[in-house]
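Whenever a hint applies, use it, and build me the whole structure from the sequences.
Protein chains: 2
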Amino acid sequence: MDHVDRILAQWQAERPDLQLRPMGLLGRIKRLGAHLGQGMERVFAAHGLNAASFDVLATLRRSGAPYALTPSQLMDWTMVTSGTMTNRLDRLEAKGLIRRVRSDRDARSVTVQLTDEGFALIDACVTEHVANQHRLADALSETEQAELDRLLSKWLAGFEPPED
Amino acid sequence: MDHVDRILAQWQAERPDLQLRPMGLLGRIKRLGAHLGQGMERVFAAHGLNAASFDVLATLRRSGAPYALTPSQLMDWTMVTSGTMTNRLDRLEAKGLIRRVRSDRDARSVTVQLTDEGFALIDACVTEHVANQHRLADALSETEQAELDRLLSKWLAGFEPPED
DNA sequence: GCCTTTTATCTTGACGTCAAGGTATTTCAA
DNA sequence: TTGAAATACCTTGACGTCAAGATAAAAGGC
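The listed protein sequences derive, respectively, from chains W and U. Here the first sequence is numbered in this note's numbering, starting from 1 and rising by one per residue. Here the second sequence is numbered in this note's numbering, starting from 1 and rising by one per residue.
Please note that the accuracy of each hint is not assured.
The list cannot tell twin chains apart, which means a pair is met if one copy fits it or any two copies do.
[To be verified] Derived lysine-lysine pairs resembling DSS-like cross-links, with alpha carbons at most 30 Å apart:
| # | residue 1 | residue 2 |
| --- | --- | --- |
| 1 | K154 | K95 |
| 2 | K154 | K30 |
| 3 | K30 | K95 |
Everything labelled a hint here was simulated from the structure, so no lab data went into it.
Shown next as structure tokens:
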């Protein structure tokens with residue numbers, strides 16, 4: 001009898017006409033996502049970051065040398081709007097973690113590049129982040145994690161058709 | 001090869017020292033949660049609500065007659081801070097969906113009650129919401145949904161120790 | 001060469017959230 | 001009885017987000 005079960009029991013009593021089966025599943029995904037998010041934010045915060053700024057720096061870092069992408073590419077990877085990305089980049093630039101370089105070939109275009117400070121910070125942060133993810137997933141065995149990943153991949157494929 | 005796989009492949013190339021196994025799992029939970037959240041928001045929006053306002057009205061509705069709880073009880077159920085709840089209640093009150101009643105017994109306390117309009121709205125909305133949840137979960141068979149729910153419950157139990 | 005359309009990014013305004021703190025009230029131990 | 005602590009709710013200020021639209025530049029049809 002967890003939090004989600006209590007919610008389902010209330011609905012069952014008040015609206016016995018409803019077919020509640022998927023509600024528990026969706027509720028658990030949402031709550032688990034919230035707990036995992038909080039668990040990850042702690043590591044980000046220890047490095048002066050949050051999920052938003054980590055997301056940008058990590059995307060640049062894993063893109064490989066020269067650790068530079070355009071705002072549009074970053075928007076594609078992180079799935080946020082242009083206004084959100086402008087705001088994120090403004091803050092990261094103010095902290096000296098990225099730098100905006102105007103393109104020579106296209107005056108509309110900007111390249112966002114990790115500074116040395118940004119590179120060092122994200123490299124240290126992601127190392128801790130990965131270790132933290134291991135801790136967060138430890139409640140399940142490797143077999144269970146693999147089975148869960150299989151089911152989530154199948155579900156996710158309906159929203160994000162795989163390519164290649 | 002989905003979006004998460006592409007991220008993992010980039011990390012693998014750039015940081016082969018990292019043990020990336022749990023990263024895919026956590027990434028898929030996050031992305032799936034985002035897609036499901038968007039899918040649910042559409043139904044809320046069709047009734048002039050969003051996830052936040054739906055959450056409050058649904059909590060009041062499923063609490064049973066007289067469909068009234070204090071802000072503190074609502075905070076416990078919805079897991080938001082007091083400032084957030086005040087803001088939510090202000091907006092719902094302005095729309096005439098809830099009403100605040102000062103307590104006779106404790107002058108600090110307030111009872112938040114569904115109005116007739118609020119009751120009618122949330123009852124209609126939750127009916128559609130449940131049908132929508134079925135659609136969103138349709139990508140998995142009933143067996144798969146049950147297995148997924150089992151694994152998520154186990155994982156979630158580490159964050160929210162079950163009671164009773 | 002021009003004019004429309006598309007592309008790339010930034011700006012604005014509204015909203016939801018939280019942390020920290022404020023105010024009023026109640027509780028409880030001395 | 002009274003004064004400190006706890007409780008219940010609200011206020012404030014900062015932040016992250018989005019939708020809509022602004023600006024500027026490039027591309028393409030004629």
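Quick rundown of the hints versus the structure:
1. Proximity of K154 and K95 under a CA criterion of 30 Å is satisfied in neither setting, with 40 Å inside one chain copy and 40 Å between copies.
2. Taking the closest pair of Cα atoms, K154 and K30 come within 30 Å of each other both inside a single copy (18 Å) and across two copies (15 Å).
3. Only between protomers do K30 and K95 lie at most 30 Å apart by alpha-carbon distance; the minimum there is 27 Å, versus 32 Å within a single protomer.
Against the hints set out earlier in the document, a violation occurs for number 1 only.
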